[in-house]
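So you can see what is in the structure, the chains are spelled out below.
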Amino acid sequence: MESSMLSSPVRMPHSFLAQRARICPPRMLLCHNASGDDVNQPRSHFTKVRRNVNVENLKRGGYLFAEISKREAEHTQKYPDVELIRLGIGDTTEPIPEIITSAMAEQALALSTMEGYRGYGPEQGNQVLREAIASNVYKDLGVEWEEVFISDGAQCDISRLQMLFGSGVTVAVQDPSFPAYVDVSVILGQAGRLDEHTCRYANMVYMRCLPENNYFPDLAKTPATDIIFFCSPNNPTGIAASRSELQQLVDFARKNGSIIVYDCAYASFISDESPRSIFEIPGAKEVAIEVSSFSKLAGFTGVRLGWTVVPNELRYASGSPVIKDFNRIVTTCFNGASNIAQAGGLACLSKKGQEALRSRREHYRVNAEILLEAFEALGGARACGGRNAPYVWVEVPKEGNRDCTSNTRRSGWELFDEILERSHIVTVPGIGFGPGGEGYIRVSAFGRREHIVEASTRLKTLLMPS
Amino acid sequence: MSFSSVSSSSSSAAAAAAAAASISSSSSAFFSPPNFPSSRVSNASVPVKRVGTLQCVSIEEKTAYKTKVSRNANMAKLQAGYLFPEIARRRQAHLLKYPDAQVISLGIGDTTEPIPEVITSAMSKRSDGLSTLEGYSGYGAEQGEKPLRAAIASTFYRDLGIGDDDIFVSDGAKCDITRLQTLFGSDVTIAVQDPSYPAYVDSGVILGQTGHYQKELEKYGKIEYMRCTPENGFFPDLTTVARTDVIFFCSPNNPTGSAATREQLIRLVQFAKDNGSIIVFDSAYGMYMSDDNPRSIFEIPGAREVAVETSSFSKYAGFTGVRLGWTVVPKELLFSDGFPVAKDFNRIVCTCFNGASNIAQAGGLACLTPEGLSAMREVIGFYKENTAIIVETFNSLGFKVYGGRNAPYVWVHFPGRSSWDVFSEILEKTHVVTTPGSGFGPGGEGFVRVSAFGHRANIIEACRRFKQLYR
Chain A
966 MESSMLSSPV RMPHSFLAQR ARICPPRMLL CHNASGDDVN QPRSHFTKVR RNVNVENLKR
1026 GGYLFAEISK REAEHTQKYP DVELIRLGIG DTTEPIPEII TSAMAEQALA LSTMEGYRGY
1086 GPEQGNQVLR EAIASNVYKD LGVEWEEVFI SDGAQCDISR LQMLFGSGVT VAVQDPSFPA
1146 YVDVSVILGQ AGRLDEHTCR YANMVYMRCL PENNYFPDLA KTPATDIIFF CSPNNPTGIA
1206 ASRSELQQLV DFARKNGSII VYDCAYASFI SDESPRSIFE IPGAKEVAIE VSSFSKLAGF
1266 TGVRLGWTVV PNELRYASGS PVIKDFNRIV TTCFNGASNI AQAGGLACLS KKGQEALRSR
1326 REHYRVNAEI LLEAFEALGG ARACGGRNAP YVWVEVPKEG NRDCTSNTRR SGWELFDEIL
1386 ERSHIVTVPG IGFGPGGEGY IRVSAFGRRE HIVEASTRLK TLLMPS
Chain B
16 MSFSSVSSSS SSAAAAAAAA ASISSSSSAF FSPPNFPSSR VSNASVPVKR VGTLQCVSIE
76 EKTAYKTKVS RNANMAKLQA GYLFPEIARR RQAHLLKYPD AQVISLGIGD TTEPIPEVIT
136 SAMSKRSDGL STLEGYSGYG AEQGEKPLRA AIASTFYRDL GIGDDDIFVS DGAKCDITRL
196 QTLFGSDVTI AVQDPSYPAY VDSGVILGQT GHYQKELEKY GKIEYMRCTP ENGFFPDLTT
256 VARTDVIFFC SPNNPTGSAA TREQLIRLVQ FAKDNGSIIV FDSAYGMYMS DDNPRSIFEI
316 PGAREVAVET SSFSKYAGFT GVRLGWTVVP KELLFSDGFP VAKDFNRIVC TCFNGASNIA
376 QAGGLACLTP EGLSAMREVI GFYKENTAII VETFNSLGFK VYGGRNAPYV WVHFPGRSSW
436 DVFSEILEKT HVVTTPGSGF GPGGEGFVRV SAFGHRANII EACRRFKQLY R
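Protein chains in written order, with this note's numbering: chain A, 966 to 1431; chain B, 16 to 486.
I should point out that these hints are in silico values taken from the structure, not numbers from a laboratory.
Be aware that one or more of the hints could be misleading.
[What the hints assert, rightly or not] When the alpha-carbon atoms are kept at most 25 Å apart in a straight line, the in silico DMTMM-like pairs for lysine to aspartate or glutamate are as follows:
(1) A/Lys-1035 x A/Glu-1059
(2) A/Lys-1317 x A/Glu-1419
(3) B/Lys-81 x A/Glu-1245
(4) B/Lys-112 x B/Glu-393
(5) B/Lys-140 x A/Glu-1109
(6) B/Lys-83 x A/Asp-1140
(7) A/Lys-1035 x B/Glu-476
(8) B/Lys-161 x B/Asp-143
(9) B/Lys-482 x B/Asp-115
(10) B/Lys-140 x B/Asp-307
(11) B/Lys-161 x A/Glu-1048
(12) B/Lys-161 x A/Glu-1059
(13) A/Lys-1013 x B/Asp-352
(14) A/Lys-1035 x B/Asp-180
(15) A/Lys-1013 x B/Glu-386
(16) B/Lys-444 x B/Glu-393
(17) B/Lys-83 x A/Glu-1048
(18) B/Lys-83 x A/Asp-1216
(19) B/Lys-81 x A/Glu-1109
(20) B/Lys-140 x A/Glu-1063
(21) B/Lys-161 x A/Asp-1056
(22) A/Lys-1013 x B/Asp-115
(23) B/Lys-140 x A/Glu-1048
(24) B/Lys-140 x A/Glu-1245
[Unchecked claim] Computed footprint of chain A on chain B; a stretch qualifies when at least three of its residues, placed anywhere within it, have a C-beta under 8 Å from a C-beta of chain A:
(25) 85-91
(26) 195-209
(27) 329-339
Bear in mind that the values here come from a model prediction, so they are computed numbers and not experimental data.
Positions of the beta carbon are idealized from the N, C-alpha and C atoms, including for glycine.
Can you make the complete structure from the sequences, with help from the hints?
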């Protein structure tokens, strides 16, 4: 993610000229290039293609994490000598175990041999990896390898799933939630108009997740929708839903004929008995799709590998199998995950690979503990998460308040700015995850230990009530 | 570590059996339309090992549980599976029928020659680096790593007014086409060459840009099909083409192998300018150009205001499985209200994508070093020699043959015959897989595409068999 002129958030009609100057900097107009372009072009050509109203309908400010990146970059420019600690974007920091990287290196080298060269692989992924996921991740859960689709990551899968469903479906998301669910929904025309005051899209159902309801929505008050996005362990709150909660969710979906898109990218961080897959819940195979990723499991954020499970049993109202259409999307709009990444994925699932990865995740778990302790030690601030996911979700009262109720919480971006400015730590303001995130910040536990400890110290100094 | 995948040549029965058991770029007989196994989806009974689930399923129900979610109507418009999985299915079926046959695949355009070591060693090094503190990297910029963007700009777009930040690195052109379509949305009209690479049309259908399929015409409603035939030199008569918002244009062309001349592309750019359209120029085969034709649309003055260009390392570096490509969106390209297209494309890339694999990108960077470029040109040269052999074969048999000079595809005319029939005949009688022209659109009827990717021995053997069949 980079800060460039393209990520400046606001487009205002009357500042078109300013924008024009940015997009056609003087050098473009004055430079006489080899194509023989006319240097004296009076005005730029506008095509007659209307901008996609759905993309236009996105909240101003760009994708949340691109915005965080931009602010990081600005801050670094402002304070070049300060050590910035990045607890914002949930980016893994620990090197990938050698047993896995050497498998990828080996696969890369094999591609320059006659016997080892491979061209196009199946778009659904190499069978051996699909089998390994089915048997390792979904052992005894009745998931067959043909139901596993390998991808280049959960974010991309979410888009492909939304394309599959099309613009006519209604969607429910947790509030707060990972922003891609809402943003992709908007882009694909499902979400309706944005209400700038409430920060909500007209057709979207926001399922409030608060301390008061244990971060599990009150389903009795939730309208029925076609699709329900549910992330557990949750990004950003860090809370993992319990078995009985997930049973409620599955029953709710079944009652309403909905499809759950269950995002368990953080399942490998669960430290208690919380379910690691929606398919642990009876009846789930007929109502749910599961999306997961090697990103946080294995530090593959840059390598790019994930998977989606679409059960054979999942059917549209007409009886048509969802898996058939998803397969069509995958073969038409995608061309498979990188064969090198897939070789890495296979090594991740080997016994030695799993062992090595466990210790990496333990590192992040201890980080989360340190951060959680730092916040819990402070009077007034309420923190949760950290135990089943590498995120700590912090509610911070306005100065002078000892309690946190919704109208005494600090504004998210205000708090983000203060923490960044005064302690040089990047976090993510909760409002970025939905209106239900206002008054919170998300602190990521990915980082080198020394940075986490330093961050903990700086935060204690900053947030100590006066 | 070896994966089962489609191999471009098959020799022994064991290999054939293994290939038959493996899942190629289709997903096996499971998805064959006529034989869709109902046993997987019909019954409501719960697998025995899931003890305790019975209470959730009504024992009286004879039919399987259905959600209340309507199937996406756009998906229902699609006629069959995507073309290439269908070719793979037929190849598998053929292998089952003739387990001892030495099937040669000149159908799917899949590269076969190993990737030059200068490139794979860079990827190997990057992989190893990820296990070290200094070498580890997490999320990269969704638009791609800066050095790679710079290398692409300077290698392919030097002096064409394209900056590093106009380049968006991806996991391949096919995925980029869908992201571009997502950017444009369902309300745009599109034009495609006829015949054309099927992803343009299929992604348009999925995204709701088209009407229903009209069987008699073999066309989807609302798409403007620009006929490309031998008679018009495979360049459409633009005076007969209706205005659309988006024009997909591929040169050197898949499947016809023809390359548009500078003069033709000037006309295309002017046409787009006059109509306020956006050209999506697919230049994935640019490096196969032998003649002095433009390799990039941006060689044409004014193109930056009317075109995006998409390309790929797949056919240059054998990266069909590694997955790396790029799209150029010039700053000058503006929507009707003056809003920069690049800004919205960037938003799509940041939201719907998370960057190409860092290892693949390290490979891409190595591809664009002098050594890498030289190595790629050698492999491209090899495939071009294959193409020449195939062209010569069909010429000598008296066929009218097109393409082959500027692309690794040979477009063979079988006048008056159904292309699927010819495909089947060739497969049945010579055990060579090709691709029927009608799979690329109604304008492909009467033609067969022969791909030139293959080991030399297989190309020569395939040609020998063609000579035998069509003597």
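Here is what the structure says about each hint:
1. A/Lys-1035 x A/Glu-1059: 23 Å, holds
2. A/Lys-1317 x A/Glu-1419: Outside the cut-off at roughly 32 Å; violated.
3. B/Lys-81 x A/Glu-1245: At roughly 20 Å apart (the allowed maximum being 25 Å), A/Glu-1245 and B/Lys-81 satisfy the hint.
4. B/Lys-112 x B/Glu-393: Answer violated: B/Lys-112 to B/Glu-393 is near 37 Å, above 25 Å.
5. B/Lys-140 x A/Glu-1109: 35 Å, violated
6. B/Lys-83 x A/Asp-1140: 24 Å, holds
7. A/Lys-1035 x B/Glu-476: Cα-Cα ~57 Å, so violated.
8. B/Lys-161 x B/Asp-143: 21 Å, holds
9. B/Lys-482 x B/Asp-115: 21 Å, holds
10. B/Lys-140 x B/Asp-307: The given pair, whose Cα atoms are some 38 Å apart, is violated under the 25 Å limit.
11. B/Lys-161 x A/Glu-1048: 23 Å, holds
12. B/Lys-161 x A/Glu-1059: Measuring from Cα to Cα gives roughly 23 Å; hence the hint holds.
13. A/Lys-1013 x B/Asp-352: Within the cut-off at roughly 8 Å; holds.
14. A/Lys-1035 x B/Asp-180: 16 Å, holds
15. A/Lys-1013 x B/Glu-386: With Cα atoms ~44 Å apart, A/Lys-1013 and B/Glu-386 exceed 25 Å; violated.
16. B/Lys-444 x B/Glu-393: 33 Å, violated
17. B/Lys-83 x A/Glu-1048: 53 Å, violated
18. B/Lys-83 x A/Asp-1216: 14 Å, holds
19. B/Lys-81 x A/Glu-1109: 20 Å, holds
20. B/Lys-140 x A/Glu-1063: 12 Å, holds
21. B/Lys-161 x A/Asp-1056: 19 Å, holds
22. A/Lys-1013 x B/Asp-115: 58 Å, violated
23. B/Lys-140 x A/Glu-1048: Violated. B/Lys-140 to A/Glu-1048 sits at ~29 Å, over the 25 Å cutoff.
24. B/Lys-140 x A/Glu-1245: Answer violated: B/Lys-140 to A/Glu-1245 is near 40 Å, above 25 Å.
25. 85-91: Answer holds; 6 residues pass the 8 Å Cβ test.
26. 195-209: holds (count 7)
27. 329-339: holds (count 5)
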